[in-house]
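Participant: Letter by letter, the chains look like this.
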Amino acid sequence: MGAYVVRRLATLPLLLLGISAVSFALLSVAPGDPAEIVLHQRNPGQMPSPAAVTAMRAELGLDAPLPAQYVRWMSRALAGDMGRSYVTEQPVAAQLARRTVPTVVLTVAALGLALVLAVPMGILSARRRGGAGDAIVRLAALVGSAAPSYALAFGLIILFAVKLSWLPAVGYGSAAQMVLPAIALSLAPMAQLTRLIRASVLDVLGQDYIRTARAKGLSEQMVVMKHALRNALLPAIGATGVILAHLLGGAVIIETIFTWPGLGQLIVGAALTRDYPVVQGFVTYLAVIVLLANLATDIALRVADPRLRYERVGV
Amino acid sequence: MTMTAERVGVRLPRRPAIAEPRRRGRWHALLREPGTALGLILVVSLLLAGLVAPWSPLADPTEINLRERLRSPSPEHLLGTDHMGRDTFSRLVHGARATLLAAAATLVLSMTIAVTVGLLSGYYGGWPDTALMWVVDLLLAFPSLILALAVAGALGPGLLNVLLAVGAVWWVGHARIIRGITLGEREMAYVTAARASGASDRRIILRHIAPNILGPIVVLASLDIGWIILGIAGLSFLGLGAQPPTPEWGAMLSDARPHLQTAPHLILLPGAAIFLAVLGFNLLGDGLRDLLDPRIRRLAR
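If you're matching them up, the sequences are chains Y and S in order. Under my numbering, the first residue of the first sequence is numbered 1, with each subsequent residue one higher. Under my numbering, the first residue of the second sequence is numbered 1, with each subsequent residue one higher.
What the hints contain is simulated information worked out from the structure, not anything from laboratory work. Since the model is a prediction, treat every value here as computed from it, not as a measurement. It is possible that part of the hints are untrue.
Derived Cβ-Cβ restraints for the label pairs, each shown as a range [what the hints assert, rightly or not]:
(1) S/S197 / Y/L218: 54 to 60 angstroms
(2) S/D137 / Y/L117: 36 to 42 angstroms
(3) Y/A3 / S/W134: 18 to 24 angstroms
(4) S/R202 / Y/A3: 40 to 46 angstroms
(5) Y/L167 / S/H28: 48 to 54 angstroms
A few chain S residues that don't get close to chain Y, going by computed Cβ distances all over 10 angstroms [unchecked claim]:
(6) L51
(7) L100
(8) L107
(9) G126
(10) P258
Glycine is no exception: its CB is placed at the ideal position from the N, C-alpha and C atoms.
If we strip away everything but chain S, and leave its shape as in the complex, we get (with noise of 0.2 angstroms):
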């Protein structure tokens, strides 16, 4: 039984008693790693941003004002202003919450289909099974950017339809993943002794194998939203995400580009805002995964 609890890497809920003291220390072992806390640092002002962005007192991020274009900074525009006389600074703060917003949706989505579609490969097996991981192998053969791409372009363009066209790709690596650890956990004991206790398949799965591999559900999915972010705010460059005049960085970046020349920084902010955003959350992800899933790094190869 110790050894099972060593190999799932999380602690069981039922037993407060062990897990209490130990899971503390490793949490301060967390923080004390200056990559995870510079990850939480970049991740918690980021949230904060994009959580207070519609009640800050900054410019409104779509007002144009042609009379005010490509200023430098200045104390009225902290970042300056953009080809339509928008306060750069203030796009920038709300690009946070569409970015946010986007990459959590996705996530959300992507996630529900790889928990559902590898758990339920790993606990049936058989033919579904077969069938299912087929189809992820094909997937998984395929560069995820330009599925996702010809998905967004089918469906046209606009921020929801590029989440949809990423969330729709995105699963596939996961569902594999989940399912060799459900594949795993199916021969555990306890799942034995649930089983001999005449609990149900749909109980067994829900109660007893979900709340194991929720571990390594959120490694993966931490270790995942600065992909999605990347793909995102990519989608958006190239015009199918966002459209104008909503603040979103890739957007932005996209924006900027006729004015390379006169107005650099118009485009390296938003570059620079997508690179610290993604490195928060590999940062974090990288921290989370050494605490909490150690099998993960061997199985996600």
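Chain Y extracted, bound-state conformation (with noise of 0.2 angstroms):
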């Protein structure tokens, strides 16, 4: 375990290598010119003469050859300088920082909200598979991924802030604020999750081990909650970084409706902007983010399945 551990982290700054040069190579052959986009920004309509151009590219470093651009990004990225915004001119690391706890807060909400609703509805459908209760619950995962969450957002948003008046709209800070992001976040990875959860259940219950749990004549109870569910969760936990990926990338578009102050509301606005060291310092600190919590998710799936630990497992 430990060794795998070691090995595992091992890779990680090799991967990381890989995906900052491919999105810095990616800003750099994109058209227009920064150093433009950057005087521009500064001041608006007016046409920026070729002297400032030149000064200003000098000033930001793109006169150097690109190999050696990303040298000197990432030697200081590595000290923990992810250059400043074209825009606010402000540090990005320090805004990366600021920005971080509101989307965590927001998608830890949201995925709670999605376990605590398809697990039992997993389950259930599973057992009562053909039944009334299953075909509502695959009615609904049906519908929940297919709805836009934006347009589940803004239905939010008319239903309960507009006509009820129950809950605030937008904004962050008060747990009210919280609900309808939280609820419109976790819709797409809720209805992920139950077709999961019912499909290794039903797996799972065909199972000789469960024939052999019924017939030495445990409950039905003891049978789904004591071996069934084990062994059925795998997977769930196994798709863990697929989740996250949704999480994040539908807490963009949420963040952005409900103006929460995350990390998916400041890429937004930096694509827009065209703003790229705020994008290349996203992508990178994405990156690790996503890294270390797939590795979590493998390191998690041996501990909770011992049959992993035997075998190697390949590609």
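Combine the two chains into a complex, taking the hints into account.
Facilitator: Here it is in structure tokens:
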């Protein structure tokens, strides 16, 4: 186990190097001169003079060859300096740090909500396969996976904030303000998890050891809770990475709608204004989070499923 | 050989005598499933709307009439008008066209990359395979919507750039699945037979393996359209995709935002249109998957 963790940790820097290099190259070949973009941001409406553009290119270090730019960016990033935003001129690292907490709060709330509903719904659906409960759960999962979160978010705002005035529509700070965005964000992963858990409970309930458990006279409750559930939840744990990707991608849109001051709002603003240092820093930062989350998932799977510890999990 | 055909799930075109009767039976089974039938109805109506939109007698979706702003539904404007006095129903129908064209282009782009990478990687193996799969794993770990957002941001706003961005990040998962299937096909007796009779690698890939993995590709594609529609409309909603005055559902949603309190239907209608389109393609995709390829469920995890 220890050796496994060390081996996985050793590949992390390599993966990070890859992601940051790709995003760096992408932004560098993008159309438009960043120096002109910066000058436009600072003096809107004015055509920057060629001399000013040249000076700005030198100031931003854009006159160096691309690999040199990347090496300089990387060595600064390792020291915690990810450059400054073209638009606000604030340090990127500080902006990322400040916006992490709201996004974590929102995604954790949404994930919690999704799990609390998806696990019982998935189990119920599988146990009453073909029945009315199963039909309702499957319909809900189908609707949930096709509904665009942004339309759902507006539906929630219209119903609960405009018509009923029960909850605030936007803003950040109080628990009440978190309810609507968390619900809107949780729907897609909830649908996905429900389908997954239903399928894996069905799969497990057909196994020999479940028949054995029933044959020795255990109550159905005992069979499901003690024997089936633990194995049935393994695929759900394994899907954490996918679910996390879903949540973070959804957060981009949900945060924009609810003016939630998180990372999603930051990246949308940066993408729209072509604020390259922020986009670059965000992509690299997110890569760290995602890779660590995947590592944590794999470790959790190995803890929960002893079979994995004995075989090498290949490609 | 029987086992092979079972495993492939799709009958080879060279054996019509066996394939025909069974296949017709299966297509009937497809339509008997109420969900799939509903999906087919939704998709066909969407296609029809998108197809006839430019020649329909509907009002011009971009014609601004400020005296007719935010009108309620009336015989003249079936679903009312938006904040610029444009006919909402006409914009929705024309939006179907924009959505379908963008989704189709994205699908072709991402599937072309996925099939090329998957086939070559699975067939040849070796270090190119290792390298490609390394890239795939790297990209798979990343939230694709955010990656598409970064790419679209770098390219600048516009529907074309959004579909390039989505296409550029969407192929990775499929490449992995197609590689897995190709890996299995490569060991099949028919490939050995083709090689024994002197066929080149190129011929084996294009004439023997490619037709056999067509079923899974169709299924993957049909399951994918819904996601692509959601992604493109989402990026358009954020302001990166279709620019005004183009009638596009995601852009319509964001246009209607300031009028949330006075005209909520302007938000709910394009939202419902996106939902029905995605639902239709998802239902049809599920049906096609059950019909064509039971293997996918296993490989797609």
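Participant: Against this structure, judge whether each hint is valid.
Facilitator: Hints versus structure:
For the pair S/S197 and Y/L218, the beta carbons lie near 59 angstroms from each other, so the given range of 54 to 60 angstroms is met. As the Cβ distance of S/D137 to Y/L117 is approximately 31 angstroms, the hint placing it in 36 to 42 angstroms is violated. With their beta carbons about 22 angstroms apart, Y/A3 and S/W134 fall inside the hinted range of 18 to 24 angstroms. Look at S/R202 against Y/A3: about 44 angstroms separates their beta carbons, and that is inside 40 to 46 angstroms.
In this structure, Y/L167 and S/H28 meet the distance hint of 48 to 54 angstroms, their C-beta atoms being roughly 49 angstroms apart. Against chain Y, the non-interface label of S/L51 holds: every CB pair exceeds 10 angstroms, the least being about 22 angstroms. At roughly 16 angstroms from the closest C-beta of chain Y, the C-beta of S/L100 stays outside 10 angstroms, upholding its exclusion from the interface. Annotated as non-interface, S/L107 keeps its C-beta farther than 10 angstroms from every C-beta of chain Y; the closest such distance is 17 angstroms.
The claim that S/G126 is not at the interface with chain Y holds, since no C-beta of that chain comes within 10 angstroms of its own (minimum 14 angstroms). The beta carbon of S/P258 sits about 12 angstroms from the closest Cβ of chain Y, which is more than 10 angstroms, so the claim that it is off the interface holds.
Hint 2 from the earlier list is the only one contradicted by this structure; the remaining hints agree with it.
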